[in-house]
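*Asks:* Residues per chain are reported as follows:
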Amino acid sequence: MREAPTDSPVSSGGPECIVRFDKVDKSYDGRLLVVQGLDLDILRGEFLTLLGPSGSGKTTTLMMLAGFEAPTRGSILLEGADITRTPPHRRGLGMVFQNYALFPHMTVAENLAFPLEVRRVGRAETEAAVARALDMVRLTGYGERRPIQLSGGQQQRVALARALVFEPKLVLMDEPLGALDKQLREHMQYEIKHIHERLGVTVVYVTHDQGEALTMSDRVAVFNDGRIQQIDAPRTIYEHPDTAFVAQFIGENNRIEGKVAMISEGLAEVVLADGARVVAEAGPGLETGADALVSLRPERIAVGEAAGSARNRHEGTISEVIYHGDHLRLRIAALGRDDFVVKAPVVGAEHLRPGATVPLGWRPNDGRALPLDG
Amino acid sequence: MADLTTLPDGDLARDLKRAERRRRLTAMMLVAPLFLFLLVSFVLPIGDMLRRSVIDTEVAEVWPNAAAAAAAWDRKSEPGEALFAALGRDIRTSAGERTIATPARRLNYALDNGRSLVLGTGRALKQLEGEPASWRATLLAENPAWGERMTWIALADAAGPLTDFYLLTATDLMRDANDDIVSRPPERSLYLQVLGRTFLVSFTVTVLCVLLGFPVAYLVSNAPERVANLLLILVLLPFWTSLLVRSAAWIVLLQDQGIVNDILQALHVTSEPIRLIFNRTGVVVAMTHVLLPFVIMPMIATMKSIPPTYLRAAISLGAHPAVAFVRVYLPQTVPGVAAGALLVFIMALGYYVTPALVGGADDQMLAYFIAFFTTSSANWGLAAALGVILLSATMLLYVVYARIVGMGRVKLG
Ligand SMILES: Nc1ncnc2c1ncn2[C@@H]1O[C@H](COP(=O)(O)OP(=O)(O)O)[C@@H](O)[C@H]1O
Ligand SMILES: [Mg+2]
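Protein chains in written order, with this note's numbering: chain C, 1 to 374; chain F, 1 to 413.
In isolation and in its complexed conformation, chain F is listed as follows (with noise of 0.2 Å):
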């Protein structure tokens, strides 16, 4: 055996960081796949959900010429003949090779009549032969819309490569004719409106949830074990079947001539069906069910780590059973609480089966939108800025929240 204390000192140093570095790679090779796969499946999606809430650059791609005449316009001055020309030539090549569509789609974002006013012009402009005298009396009497200044900012927001327009009609803004930032108008106001309503939704589910969750946790925790694990099979049971399959039996239970207004009738509480589905009740409810078991777990999980001594304790000093309860126990279950209000008020912002299957049009959710313009009507940029207001104001009321709770004391298990 080597006498440690005479080795030299730096021979002992090497020898520990080499040992170290070992037991880090061995460290870092075991959550490598999680690592890997988190980047793929998380970081990378996200980073690109806010590039694309700020990025456009599909009239570009199309139209090249006006997209860069557009970009160099001081967007006050009336519009130059280059302006009108450089447009006009675009639009007739771009009709030409029928990749106007893009263009016209992304105008329309931005002008009520932005489709027709692009492909009716590039129809007409199709048909002409050589160079005008004039593009500007050529687009003006095709469609006199090319003389507001209003088509000409839309079309210079999107000239990219950069734009706020997304973010901004996310938010229920856009810019007036002078370029300054103005809300929209109320009739094509949306999205803060159905953000409102996505926290409102998510917050009545969390506060049922935590409601009707508390006693069944406490219960779980407190009841001897064979029961506790029945009871607990009983709250898991919604997970064996599909999100789908259970949203779906709500519709059973809840339409007109559904289970619950039978017995409602049968009991005379009402003379007539009650509607319970297809608007807001009927979302509650089914999102509350299904979100359940997200809060009683944490829950359980701390109410089974407090010791009934301290009840026994709060009683033997003279407190009323419920003042016991109330002071000693409830602010306790404060960390379960907190993580099962937190977890399913979470997951209640991003839901869109359930709404969509239960809710009416005015019970949709900011998920709803995201799905719509994703895979609908193919409006990456808004859908990405939707998505980039949803994470900032959920972020917003996470920090909020971790001040108020104080997230060292939050519990998931």
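The following block holds chain C by itself, in its conformation from the complex (with noise of 0.2 Å):
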């Protein structure tokens, strides 16, 4: 018998979990573990994304919760019921697939009836439940068209209102949008987002896009080889990365390079290879005298007289402007690196041309020094 959970699944006071990993590892071939040690509580409606590279586990883990895959190792609890042996089509759950998977011989109004058919849900309450769900979807009149006869878009919110139409306590989604165009996928983007708004339903979404990750989630998990780097809103994600692979995968970002000299008050100096010294906020596991990479984002860093007498001076030449509408994009040499990238506003830039040697600007808070990996 292994331990009983040490903390209770319902914490008291915050939001209650619905969801939880217990020391779950898997491997499907015996010897590579593409799942371990995942610990990993989800809340009572919130809209959380799992966030990695291609083959980091998302699927995995999702597809564990969803019952199609066993644990190796550890359980799976919901709303407090262990149902690591649950067999999938007892756990309620609803689920999105990225190529739809609507059932190509029904119509739209049948693929929605399925769920309740099967739940033997009487048939004036199916009806009235399609009629709803097509509703909420903006597809009413569309039931008697099959998947085919509708557009991409289209399906993928059939799709959506099947998983919802059996109204499920949590709905699963495995790159619903990636078959999508762009401008699709956006606006499919805010429609789920509205939807999971209305609803207030649980919704666990997989992507390997950042950008969506960050626009539609309550709490992004950021995986990398079947561990989770991170667990944390958007915006701590994105300016507060806890780890190197973290502030690397989510948006764009300056690697500089260096050892620690100190900490102190939460703020790291580290000295590169030339002797420079650049001060930015300490990461988690950060140790004096240890190999340290800071991190900045290219929109942080001021260029030319707005860098002022910012705590971090440097200075740099430009060797390429790239002009990108509502901002220009200089390539910079500085700190000893020739990739420096940084983001201008367009108004008052006219002095920012290739060869021009410019001072580069950003406050201690604006920089993230962490431990370096590998």
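Heads up, some of the hints might be wrong.
[Said to hold, decoys possible] Sample of chain C residues facing chain F (criterion: CB under 8 Å; computed from the structure):
#	residue
1	A66
2	F68
3	A81
4	F97
5	F103
6	P104
7	H105
8	R119
9	R162
The set of hints was computed from the structure by calculation and includes no laboratory data.
All of these numbers come straight from a predicted model, not from anything done at the bench.
A virtual CB, placed ideally from N, CA and C, is assigned to each residue, including glycine.
Combine both chains into one complex, guided by the hints.
*Replies:* Given below as structure tokens:
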């Protein structure tokens, strides 16, 4: 017998935990762990996104929750009950697949009625629920069509409605927008977000698109190599990454490598190879004397006069200026690197030309010093 | 570069047409060999078969006068002396020229003793010198059958050039003494029963093939690639040996002293050999074995195109795996199952070697009789008529099938 979890699945005061992954390991081949030591609490009503590169174990995690894969070790609790051995059709979770998986031989209405029919819901009730679901995804009047007669976005909305029509406690989505073009994808992101807000259902959403994760989620869990690197609100993830991987994977990022000279009051002073010093917020696990990486967002760096008297102030030579409409993108040689990227406003940037030497400045809190990985 | 927008319209249309024509010509040349081959090997034989089933000139070629007179006869009045005379002279001539066997054979199709009637009369008339006073009396004296109306109706039927005799025979019908179409007496009926048997055996074989093939196709299409390839080789293994050998092998397996009976007796399931071969069981078993790959292949193709997420989606929506399989997976296999079933059924309809080898006398299918009439008895007309009946019945069935399944959904590969 394994020990019972030390802390209760329902934390007092804060939001209730609906799903708990308890020390879950998963291996397909008995040698490699694709998910390792996964401890994850999913809160009732939240929009949680599992984000990570391809092959990082997101789908596997979702499939273990859905019941299509069994954890190799550990257990999964749903509302406090152990569902590790419950077959998928008795878990009552809604699921949206990347390729929609709408049944091609059934009409839209029949697709939506399917989960209700297998639950032996009455005829009248089913019809009402189907009509409500169609209305929710703004497809009233499309009930008699076949899935192939719908556009990609419409099919996606039907898949969404089908996963919600039986009012599950939890909806799982595995890269549901992966097959849509960019514009439609952004539109559907808002639509899914709004439906989540309206229904208050708990959503576990898998994507490898960091933009999608940031715009849609209440919390983002960043996966790498089968482990959760960090789980936090999107803003925290973006602005205060805990690990070099998270900093790297989410958003654009300038890497400055050096040694930690000292840490005080949450700030770390990092000495670069050429002797220059950079002060940045100290991330978790950072130790004096260790190799460190300072991660710096391109839009947080001020160029030219705007650099003013910032505590971090360095000089750089512009090697390239690219016009992006709403901002300029500068490639600058600075701090011993020639690929320093800075985003600058278009207004008042006449002096930013290739070859010009300009001051760069940023506040200590805009940079993040993290232990160097690998 | 020419400025396209300033080109006169006529030129543009002409250039387009020329370019299109060249493309069409190329395409036509590519399909021409196959088209010619199909024409020679498929369309012409079928056309010839249709023609032969209604053409009847064998008698008219040997007995031109008698055929003309019989064709002119009203089939109701007593045949007059002129008719007897024309026939008598023709019989005598043909007996002399040794061409009498052809009309004798042809009349034998319609009359029970037609051959002996004609040949006997021929032998007698060959001895006859000069013109007899009454041909009628002479013929009747030779054989009283010449006084029966049925004899003359048979001759009139055979006078050609067109006849419905073969098609009627192939459907167990005939013309009676009043020239009305009636059913043949049971002891002279055969082909409707054979047709029914052909369809029944084909249907049984098709059902068995689908039932046995479905799980195999499912296994192959869902197994990991390496296992799937191995299974596929096993499925196709029967094709590596000839049809004849495969059919004969069943004789070895299923005969009274065969392996199957030995095993059954060793296990004390039966105390003495049960008859498994040279009867319907043998035919169905052997044909199912031979035709199984044809139903499995299209099913595999269809099943491979069904993503496993459909089943998962159904299960995630709360359906028991069995329910999900029946309601979501099965309907999507219909195109492959329908295609495989159609393929097997149509191939089974024309099967000849296997029933001939492992079937009894009551298990021969229509193809056996067609082969018999073309190769053994040279009755081309009846062989063609049976072919026409089989073809029409098959096409009728195909139309019904297409209505039920929807041909747009049938997928062969
Ligand atoms: N059914 C499976 N059998 C064997 N290996 C698998 C299977 N599914 C996924 N994997 C492996 O597990 C790892 C994680 O896969 P997955 O969970 O699909 O990652 P993600 O969804 O993050 O891209 C990958 O290396 C993948 O090759
Ligand atoms: Mg995945």
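*Asks:* Please check whether P104 of chain C passes as an interface residue: C-beta within 8 Å of a C-beta belonging to chain F.
*Replies:* holds (7 Å)
*Asks:* Can R119 of chain C be said to touch chain F, with a Cβ gap under 8 Å?
*Replies:* holds (6 Å)
*Asks:* With a cut-off of 8 Å on the beta carbons, see whether A66 of chain C makes it to chain F.
*Replies:* Hint on A66 of chain C: holds, closest Cβ of chain F at ~6 Å, below 8 Å.
*Asks:* Does the interface hint hold: is F68 of chain C within less than 8 Å of chain F, judged Cβ to Cβ?
*Replies:* holds (6 Å)
*Asks:* Mind checking the CB of F103 of chain C against every CB in chain F and telling me if the closest is under 8 Å?
*Replies:* holds (5 Å)
*Asks:* Should the interface hint for A81 of chain C be scored as holding, given a Cβ-Cβ cut-off of 8 Å against chain F?
*Replies:* violated (17 Å)
*Asks:* Using 8 Å as the Cβ threshold, decide whether R162 of chain C counts as touching chain F.
*Replies:* holds (7 Å)
*Asks:* Please check whether F97 of chain C passes as an interface residue: C-beta within 8 Å of a C-beta belonging to chain F.
*Replies:* holds (5 Å)
*Asks:* Taking the least C-beta to C-beta distance, is H105 of chain C closer than 8 Å to chain F?
*Replies:* Hint holds; H105 of chain C Cβ to chain F Cβ min 4 Å, cut 8 Å.
Going down the numbered hints, you'll see the structure goes against just number 3.
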